[in-house]
Amino acid sequence: MKIWWLDYHPVYNTVSFVNYDEGKKVRELVQDANPLVGNWKTYNVILDNKEKPSVILNAVGGALIVSERAKEIISQTPNLNVEFLPLTNTEGESEFFVLNVLTVLNCVDPNHSKEKRLGSSNLLIDYEELELFKDVVQDNDIFRIMLHEGNKILTKIYVSDRLKEMIENHLKGYQLVEMWDSEFSWKQKEEKYVSMCEEINISLKVTFDFQKAIDYIQKNKGQIVFSGKWALKVDEENEILLGQLVLDGTYSWINPVYYPPVILGLTWGIKEKKKSLFSIFNL
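Under this note's numbering, the first residue of the sequence shown carries the number 1, and numbering increases by one thereafter.
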């Protein structure tokens, strides 16, 4: 059993409030997960069309702005404790709604979660990693989480495997991020990840500094250099890509705007010797 964070994706179409104060008002209204349908007034939003259709178009406080299609699909899951609050689209081409999630669970296992606290006050503000009580979350398809200290409700919206599958089968334009796995804790994942990075470093047959790593991949298109959880390669246009190791053994690649200092100071290498290794040291 897994729990997922449902969110919008900024590279897809998004919407924003025409009036800043109205957007601020909506954030205040939804933050406590109270029913709003009886006193709701419509607010104006405008579409930022990026030519990438989306069904989850923004996050606002503890709610999401969703499309008519998303409303239709999500509503097919029975017994959801949610509201779809209508918004006015200034362009009038599509209908949008605030998805207000009313179920709030006190489901965090504080003894096995990684907390995020604020400075000298030590105030609990979030969790870096979650461990949840399975018996509390297992019958809930969509919910928000209450901090185990104080009365703050986290803004993230969490969904079950069942609702995730429904969304993936019928919708496009959103993010679903795994937040908890009842069979594989974050500590176990962390240990596995560290082990994977160590194995990569042990497997490197030839090592060199960052600049030689860049020179090597530019002269040997298709080759990859590694350093722990990081990797470098070039694409078809010879643009340098920075990869970060994922737990399944693949890499998530980006074209970086800049390199963090930690990247520049790493030792890089290749996993297998090539026939002309001398060329690496004479770049």
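It should be emphasised that the hints constitute simulated quantities derived from the structure, not laboratory data.
Computed from a prediction, not measured in an experiment: that's the story for all the values here.
A few of these clues could be false.
[As the list claims (entries may be wrong)] Subject to a maximum C-alpha distance of 30 Å in a straight line, what follows is the list of computed DSBU-like cross-link-like pairs (lysine-lysine):
| id | residue 1 | residue 2 |
| --- | --- | --- |
| 1 | K2 | K192 |
| 2 | K212 | K229 |
| 3 | K172 | K52 |
| 4 | K2 | K25 |
| 5 | K116 | K229 |
| 6 | K2 | K229 |
Evaluation of the provided hints:
{"no.": "1", "hint": "K2 to K192", "verdict": "18 Å, holds"}
{"no.": "2", "hint": "K212 to K229", "verdict": "18 Å, holds"}
{"no.": "3", "hint": "K172 to K52", "verdict": "9 Å, holds"}
{"no.": "4", "hint": "K2 to K25", "verdict": "33 Å, violated"}
{"no.": "5", "hint": "K116 to K229", "verdict": "23 Å, holds"}
{"no.": "6", "hint": "K2 to K229", "verdict": "25 Å, holds"}
Hint check: a violation occurs at hint 4 only; the rest are consistent with the structure.
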